[in-house]
Each structure stands twice: as structure tokens, then as C-alpha cells.
Amino acid sequence: MKKVQKEKLEDLFERLAGDGVLYLPLEEDGVVNFAPWKKGARVNLEALNTVLPPKRAIFPQTETYMRFETDGKKLQIEQVEPVEGNYFLFGVRPCDMAGIKVLDKVFLDEPEDDIYSRRRQAGTILSLGCNDPHVSCFCSAFDLEPGFAPDADVALWDVGEVLLWKPLSEKGEKLTSSVEDLLEDASAEEERAAEEQRNSAAATVAAAAREHGWNVEGVEEALQDMFEAELWDKLYRRCLGCGICTYICPTCHCFDVEDFGKWQEGERFRCWDSCMFEEFTLHASGENPRPTQKERVRQRFMHKLCYYPSNFEGLYACVGCGRCVRQCPVSIDITQVIKEVGGVKSGS
Amino acid sequence: MARKSTLLPEVAVVESIRQETPNIKTFRVVSPGGGKPFEHIPGQCAMLSTPPVGEAIFSITSSPTEKEHLDFSIVQTGTVTNYLHEIEEGFEIGIRGPLGNGFPVEEVKGKDLLFIGGGIGLAPLRSFINYCFDNREDYGKIDILYGARTPDDMIQKKDLFELWPQQPNTDVYLTVDKECEGWDGKVALAPHYCEELAFTPENKVTVTCGPPIMIKFVLEALDRMGFTPDQVITTLELRMKCGVGKCGRCNIGEKYVCIDGPVFTYAQLLEMPPEY
Amino acid sequence: MSVAREEHNFEPLIVAFCCNWCSYAGGDLAGTSRMSYPPNARVIRVPCSSRVSPNFILRAFQRGADGVLVAGCHPGDCHYITGNYHARRRLSILRRFLGFMGVEPERFEVHWISASEGGKFAEVMTEMPEKIRALGPNRKLRDAR
Amino acid sequence: MKNLQDTIREIAAQSLARGEVELVIGWEKGDLWWQSYPAFIEEEKEADRLIWDPLCVPNLSRYLLQELSEMDEKKIALFVKGCDALAFNQLLQDNRTVRERVVLYGIPCDGLVDPSKLEREGLDRDLQEVERDGEELVLKAAAGEEKRVPAKDYLYDKCLTCRYPNPVAYDQMLGETVPVEPEERFTGVRKLEELDYEDRFSYWAEQFSRCIRCFACRNVCPACSCIKCVFDLQEPRWLGKATEPSENAFYHIIRAYHVAGRCVDCGECSRVCPVDIPLQELNRKIILDINELYGEYDAGVDPEQEAPLITYKTDDPAAFTES
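As you go down the protein sequences, you meet chains A, H, Y and L in turn. Mapping to the working numbering: the first sequence position 105 is 105, numbers consecutive. Mapping to the working numbering: the second sequence position 224 is 1224, numbers consecutive. Mapping to the working numbering: the third sequence position 68 is 2068, numbers consecutive. Mapping to the working numbering: the fourth sequence position 38 is 3038, numbers consecutive.
Among the hints, erroneous ones may be present.
Said to hold, decoys possible - Cross-link-like lysine-lysine pairs, in silico, DSBU-like; alpha carbons within 30 Å at most:
| # | chain 1 | residue 1 | chain 2 | residue 2 |
| --- | --- | --- | --- | --- |
| 1 | H | K1204 | H | K1216 |
| 2 | L | K3117 | L | K3045 |
| 3 | H | K1141 | H | K1158 |
| 4 | A | K262 | L | K3228 |
| 5 | L | K3029 | A | K294 |
| 6 | L | K3191 | A | K234 |
| 7 | L | K3191 | A | K294 |
| 8 | L | K3140 | L | K3029 |
| 9 | L | K3074 | A | K294 |
| 10 | H | K1204 | H | K1157 |
| 11 | L | K3140 | A | K339 |
| 12 | L | K3191 | Y | K2131 |
| 13 | Y | K2131 | A | K262 |
| 14 | H | K1111 | H | K1067 |
Unchecked claim - A short list of chain H residues far from chain A (calculated; beta carbon distances all over 10 Å):
| # | residue |
| --- | --- |
| 15 | L1007 |
| 16 | T1079 |
| 17 | G1140 |
| 18 | Q1166 |
| 19 | N1251 |
Derived from the structure by calculation, the hints contain no laboratory data. This one's a predicted model, so the numbers in the text were calculated from it and none came from an experiment. Cβ atoms here follow ideal geometry from the backbone N, Cα and C, with glycine treated the same way.
With the sequences and hints as input, model every part of the structure.
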């Protein structure tokens, strides 16, 4: 295992930024989000979860993929190339890494989404283990470990003065050797410290999960019979119908396609969309298969906890990052749904 | 040259436009160099692009046996269709497809077929119907029941009144919802007419498409007539954006209408949440 | 309407919403009286100054306007009796609000021009481009795509 | 505080039992300490779900839009804090609710706790419950430990400037009125006005660049009660979906302007914004200008008074020559 001194991080960032775009948690007006690093940027590696998940480096909120020109009856269409070259995602939390894996299943499944896949391949992901999970963290419910992201290219652990550094993939090895001069070998003591932190973080989340009854076992099966359940009648009523929960979610991937045109030219882009919005399923005819907020709230939970796992070998489209739990203005809480559905199952 | 994105349309030319009803036109679409933009099977769809107002999905109404073009019968109802209804012949549009699963043309070989269509719902059925006529020996008796609000609202009148009735071992039943001047044919709602005609379920597959309310009553009628749910096939339409199972809006439960559909048997629909 | 117009030979583009009953007629009068004024404005005829929604004004800025003018009947002379009294309040608030957002107030003007004031029409159409020329091209609310 | 909570439960149970109302809207508690959220109580025996604590921030009046239209002639009881009552009056003025069908129980409010202020100082550790005791907050931790902190330091900014903590509309007031000691609310606006145009624009451009267009600020707003919002129209398509700087600016300018003269300054827009855009300052700028130009006006205080932007005086001043 390697390590990098925190005082050398600035050098490391400069090196990485010279080799591509370096996205990492930056603080601006008190809001921490993944953004391209520039010299002097306020890096915040302490913040547990950025407001928006790092998915937006791979699947940006707005992304132009086509330009067009019209001339009388003539139409010209041209693809806009999606890849901006190399990039690094530095400090991705394990839950967010798992979120990227959830997106991978959708976008890399046949027919592969070319825009996503090229962007995904161009990136190297350095994950940062969590030492001190928040009370709203519930990643362990989905068999994830707060202290470690096995799918990242490099795993990092913050153990005080240094970040431990462990390459996990070929990309990670390549990166490691390219910044070899900034890294040192980690001591056995440091490795032990990281190990302890990993265990204690896992224990914290697991204890919370036990206390709150966040057990997802059987939730998918239970939900299959719960389309008409009373639960949804209760839950939707306070929903404001805003898109916070879906836009800040590391696994939400629904998008819309729209044109922007000026005179004879314009572009077509895709952008995040939310199943919480009435317009999401509204037909041009005025018909809407999900006419009220009840159907939309149900769709969100069903998609994450039932439909998605049915389509992808039981993998839940929730990674327990807790963003929606913290940010929903009216506290609609997916862990309460999990609890209630689990309860329904064991009761029946 | 980079690989082509699944979301990127090809340019195609609207070769001809035919006014079917006051608000429905049929567009014949070919590649800029002539010929079909792509091959398809009956029941499949395509995304038509009209920059700068966007893209929308439509079922292909021509049979794959028509070698030179694709036809789309389109109701004027939203921004894309408004645009389409304004253009003239020779205009270029974008096209992306084929999308969706299509009708089980192979599986139903040797069976009698009953097509029940309402209004614009004939559009996807027509692709299948003409395919059958072009492979007439593969299919048994063909019954076509088509209803529209008024005779003026009937699409593909040449097929309905001239071509299809001449086909061997084929019956065409036409009906309108209300009495109106100049119509001396049947006046009845399609589901009622269907029951009146007393089709028998033996060795028969029913394919139906039309407004949701018609489908609902047709399904009830067929049930009373002894058709089992796996003998009934329908095709759905939901708001779609990508057409390839990614954008996440056309799902009914775990099924995506754009890739798992739009063609479903009634048996499959019964397994799905009633959200369409 | 190229976004990248050269700054040195900058010609301000002004979108002018003119009330059908007064200011548009004032413009006509300026024309028939053969008064000359620079051709910077694109005139859009509206039934009343109160018809001008903030959406229109912002859209003009988005699509390349360097300035937006709303011209209506003098207060008290509204064809619909009270339209411009309402417009006066609403557009005053909007003008200050745009200033708060960082858009120079000179870029959004409201003038009362009656059907008989061809001279005033020509004057406004002459002065406004000059003020905006001094400010330079507007990029603030413009859609850069 | 406990007393008020008991009163709330009692009153809710009573009005449901007597059939005075079919639905009571109040607040209930979730699993986590900050979760106090809207509760919809339809049966007497459910009334014990209702709570009152210094985290009951969601404005309940807006729910009348959905509940009244769905329930036809039924009556609804609503617990209203000061800001909720202003919101109710605004809905009334906009003809979006019916006074006779709503029973209002007023709650004098001495300010609500901003969870992020507690978190910033690490006071959320093991926190289970927050109570108000006079000028102090009692922070109750898991192990039964208690900590007392000055309440004022942890209240929402919007509560510190609140001018109507005592409900202006109610059928029955629960509890003693609280003193009204608001801090100056236009400080933020005035500070921004000191900047020149370039700096103002960069300030807002930076703020808006974070916007993800979740529409929470619109959806939570008691003045945003249009049945079909201009931003959702397909035709004409005023607002595109791209998170372009110019589209974001369009959204925020129009959002604030559409509630001009109707914004009750409840600050819910700022509270719900996931990326902390200071949206309330936009609304306050408009309030300040209306006050300056057309006379002091507090939306939601008197539903009979005409809103400033739907009326006029023949000798109104204009702001067309200012620069």
C-alpha cells in the first residue's frame, strides 16, 4: 500500500489536473460539490457527501449530443462528440461509487449508450473511505462498506496526516506509477489505522441499520405485491412534487431530450429528468398514466427497490447515501419505506 | 470517425404526404438516396425528429414487404406533430429506428387472425395486416374489424374499402360510432360490434389497437367470447424519449414499453401494474 | 444575430415593444413626417404596454437584444383605460429587479409616447442606442449557445 | 412546549370526534431528530401522532391546494404558525382556498431550529430530540444526556427576521402570544445593492450556476399556486430544460417576479433549496421596492387589502429614469 502526505496533495492535484480534468469536492458558498479543480480552489475532503453526487462528471445534467442546421427543406445532422478526454474523480465516497455501478448497468447494457460509455472509460476514479458516517447513512443495508469501494480504480483512506493509497484496477496501477514520485510506502501502523477506521465505520452504519430496522432483505419480492398498497396513499400526501430526491440521487438516471434552436441552427441535448414531475409521463394528447403525485412517488420507490432489481439480478438502485433523507423538504424517507415494506413482509 | 450514438437520428426525406382525415396525415419516408431508411418487422416504431422542435415516437404503418419506403400515419396533437403537419413533400426530417419488439408474426403462422382497430389505432395493425396479405399462405382466415367516430375519421380508406375486401379468405367489418349522413354501413361501437359478430376463439389470435377506452371494452368483450388472455395481442403507446430502454419514462412496472414492447399479449398486461 | 459581434463596430440591437394605439402610431407618424432615426430597433407591436410580460423582455435579452424598450400611451390615455397604470407599477418593479440582477437599467427603458409624438419616438430611438453603445454589447442574460 | 403538543393532540382529536372537520393537518415526527413533517390525520385515534417541536418548519397552508380540491365540501383543520397564517391569507386573497372550509388553530412561534446550524458545530452528534425552553434549546442525546444552548444562535435566519410570529389569521389561538422582535430583514438586499452591476451579475451568476432546477422553491411556495405553471408549458416553451446560465437566470427572475406583491416572505424557498441559493433575497428586493415606490405592504396580513401589483394610483411614481 502507498500513501500521499496531505501537504503534498496540492502537488498531486496539480499533476492530475495537468493530465486531464480533475473533479473533486470543492466548497463554494458553503456548498460542497464535485467541480473541476483550479489552483487555489477550496478542496473539502472532510464533507461526507457532496450535495450532488459525482455522477454528473460522467452523466452531466445537460449534455449536447447533436447539432443541426436547416436550410429550406434541407436538414443536416451532426454528432457532437461526448468525450473531453481524460478526467479524474477524486474523493468519491463508496456509496457514490456503487451509484456509478448502478448507472453502468443501465447505460452499458445493450444497446450500449455511447455517450455514457465513452465518458465512463475516459475517467479514473479515486474513492475515499468514510471514517465517520452520518446518522442518515445506510449503505450497509445494501451490503456496501462505508470504508471501502471495491469498484474504484484507487482506494484512499484518510488517516490523519496522510491519505493511504491502494490501486485496485489496471487504470489505478497506471495512475499510481505516473505519480510514483509523490507517493511513499505506507507503514504497517498506518495500514492498521486504516483497517480500524474501516471496521469502525462499518460498525457504526450497521448499528444504525439494526436500530432503525433498515433491512432490505425481501423488499423487492414484497414490493411486487404492493402496487396497490395503502403505504403509497399515506406517503405521497406531503410530497411537494419537486425533483430534489431524484436530482441529488447517485442512482437516478432518467433523462429528457430537448432541442434548442435559433433560426436555422440548433442543438439537441439530453438532461436529467425526474419521475416526480407531472410532465414526465404526460402524453401530447393530455393523457397521463401517472396522473397524481401518488403514482409518481410510488414509481420512485418501486423503481429503486423493485423494478430495477428485477431487471438487474437483485441489485437495488439505492446505495444508502442518505442524500434524499437529508434533503427532502418534507422528510419523505426511503428508509421508512424499507422499514415499512420489510415490516409488511414479516407480518404477512 | 467515432461510433454513432444510439440517440443520433439519420436524415430522411418525406417523399409524399397524404391527408387521411382532417387531423391525420400519412407520411411516406425514404432515405435521401432513395429506398428504405431501415428494415423492420410489423409493430415496430421509429423516432421521427423535427429539429428544432424535438423528437417523438410513431408506429410504422407500412408492411416490411413494401421495399421502398416507410409510412407513418400521424395525428396532429403535439409540437412535433404540429410541425409535421405543416411541412411539404420533400422536407427532410430525422429518423431513428427500428424500435421495439414488433408483432409475433412468426409465432402466429397458421392461425386465424382477428384484427380490431379503432381510429388511429389502425396504423400499427396495418403493417401486420399487409404483411399477412403478402404472405397469404402463412395465415388462416383474416377478419378485420375497424371502427371510427365518423366515416371521415377513417384512415387508409383505400385498404379498407377496396384492397382488403378483395383478399381471399378475408372479411372486413367497418363501423362508425354514431349515425351520420352518407353512411349506410354499420353503426355501433367496435366492442359491441365485435360481440355481435360472435367470433370464435378456436385457433384464433386477436390483435387490437385503438383508444384506451376502446381497448378496455374490447378486452372485456373478448373475455366473454371465450378468448384467453394469451390469444389477445395489443400494442401500447407511452411518452418516450430514448426508445432504447435508458431514459426511464416508459416503464410499466419492470417492463419498458420501448424495448419490451410496444407489443404485449393481454396475458402479459395482466401481470403488469395497470399504469398505462 | 451572431453572439460574437465585434465590439468596435458595435451596433446595439434593441427590441421595442410598442403599444398599438399610441407608440406604434407615434412611430408611424415619425415615418410619415420623414424624421430620421437610427435603425437599431426591431419593433414588435403589442395591444398595450401592460401586455408586455417579463417573459418577453427576458426572452429578448436571451436571444441577443442589447436593450429592450417598452413604449405605451401616456398614463391616463390608455386605450383600455387602466392598462398603462398597471404597466407603470409592474415594469418599474421589473426594472429595479433587473438592476438588482446586475443588468444596467439603461438596457431596459419604458417611455410614454403618444400617437402625436412622432418627434419623441424618433428621439427615444436615437438616444437609447447611444446610451447602450456606451455600455457595449449585452452578454448578461444572453443564451451563449 | 409539551403543553402545546398536548393541546394540539387534544384539539385535533376533538374536532375530528365532533365531526367539525374531516381532516387535520399538523406535524409528526420521523425516525431522525430533524424530521418533523406534515401529518394528515383523519381519525381521532391517530391524533396522537401529532407533535410540536422547534423543527416543525414545513408550511402547511399550501396543502390546502391539493386537499380542498380533492375533498369537495369537506372541512379541514390546520395548525398555523405565523408564516403559515400569512400563507393562508395569501391563498385566500388569490382565491385558492375557502375560509369557511378551513379551521385555523394558531400557534405563536418563537422561531424554528435550522438543523444545519447545529450540524456546523457538531451539536447533532447522537442527537435525539430538540426542545425549546425559554431562551434556550435543550438538546437531548441518545444516552439521556442533555445540553443547553442559546436558542437564538440556532434558529433559521428567516425566523430571526420574522415580523409576524403570532398568526394573523386563526379561529382559535393556542398558547400565549410571543414578543415580536425582528432583526432588520433587508440587510442582505442592501449589501448586494452596494455592489456595482458587474459584481451583482457575477454574484447571481455564480449562485444560479448551482441551480439544478428541481423546482423545490416553486413547489413549496404558498404564492406559487397556478394550476399550470408557465415553466411547465410545452407550448410556448418559455423555459428550456437545459441548465444553461441564461435559462437558470430566466427561471429565477421569473419565479421571483411572479410572486411580486404576493410573497409573504416566509423564506421556505431558501430553506428547501438543496444548493443554498439565497432565493429569499430576490423576493425581498421586490418587497423592498414595492414598499418604497407604492407604500408599505405586507402580503398575507390582510386578505381584503388589494395587492400592490394588481392595483394602481393615477399619480404613482415610476422607476424608469433611475440609473
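| message | So, against the hints stated earlier in the document, which numbers end up violated here? | response | 2, 6, 7, 15, 16, 19
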